[in-house]
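Undergrad: Line by line, the protein sequences are chains A and B.
Counted from 1, the first sequence has number 26 at position 26 by my numbering; the numbering is strictly sequential.
Counted from 1, the second sequence has number 1028 at position 28 by my numbering; the numbering is strictly sequential.
No lab work stands behind these hints: they were computed from the structure.
Some clues are possibly wrong.
[Unchecked claim] Example chain A residues on the side facing chain B (calculated, C-beta under 7 Å, incomplete):
no. : residue
1   : Leu90
2   : Ala100
3   : Gln104
Cβ atoms here follow ideal geometry from the backbone N, Cα and C, with glycine treated the same way.
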Amino acid sequence: SQTIHQWPATLVQPVGSPLSLECTVEGTSNPNLYWYRQAAGRGLQLLFYSVGIGQISSEVPQNLSASRPQDRQFILSSKKLLLSDSGFYLCAWGHLNTEAFFGQGTRLTVV
Amino acid sequence: RKEVEQDPGPFNVPEGATVAFNCTYSNSASQSFFWYRQDCRKEPKLLMSVYSSGNEDGRFTAQLNRASQYISLLIRDSKLSDSATYLCVVKAGGFKTIFGAGTRLFVKA
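My request is simple: use the sequences and hints to build the entire structure.
TA: Written out as structure tokens, the structure is:
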């Protein structure tokens, strides 16, 4: 069966510090991968999606970036965090026209 | 216009009530539709897919109206455990998955 792992579960970082969130998928190959952010009390905002290794589509201009160094690994990064980067970050995977399956999320607080 | 729009609610209903949520989408080329449920501070989880002919899963019924570009979710005989945020999801082009902001439901005894 397929599983998705996302870590860490919670993170508190100072403004201006770097960020690296990692997500890995097991039990499937060539998945579509997604990064979403959810601000407190708000909906999910699609940040990036990837249909293959090295292929990244950015949905919202911001100080975040994503990379896909391996088929089942998706990384979300920032060189310098802003207060507005606080939120619930969710990684998800899916296939063409199928539903998306989510990791348990990382709750990021920038202080 | 947002790609996917939902009434944020909240909907406050008594146990046993029937409640319906609607969701509209802007991209007429959208191909796949889903309803997700999200509990507080948790990740969203698939509730059900939405098929063109409509589909039912126990107390839940989902319908799609392509002409008017909306989907709906009907919950019958509401339970306390149905309290959650319900997210409408639209997939266009097979890859890009867009979530609505969600509709909050509170079921009270």
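Undergrad: Evaluate each hint against the coordinates.
TA: Hints, one by one, checked against the model:
no.	hint	result
1	Leu90	6 Å, holds
2	Ala100	5 Å, holds
3	Gln104	6 Å, holds
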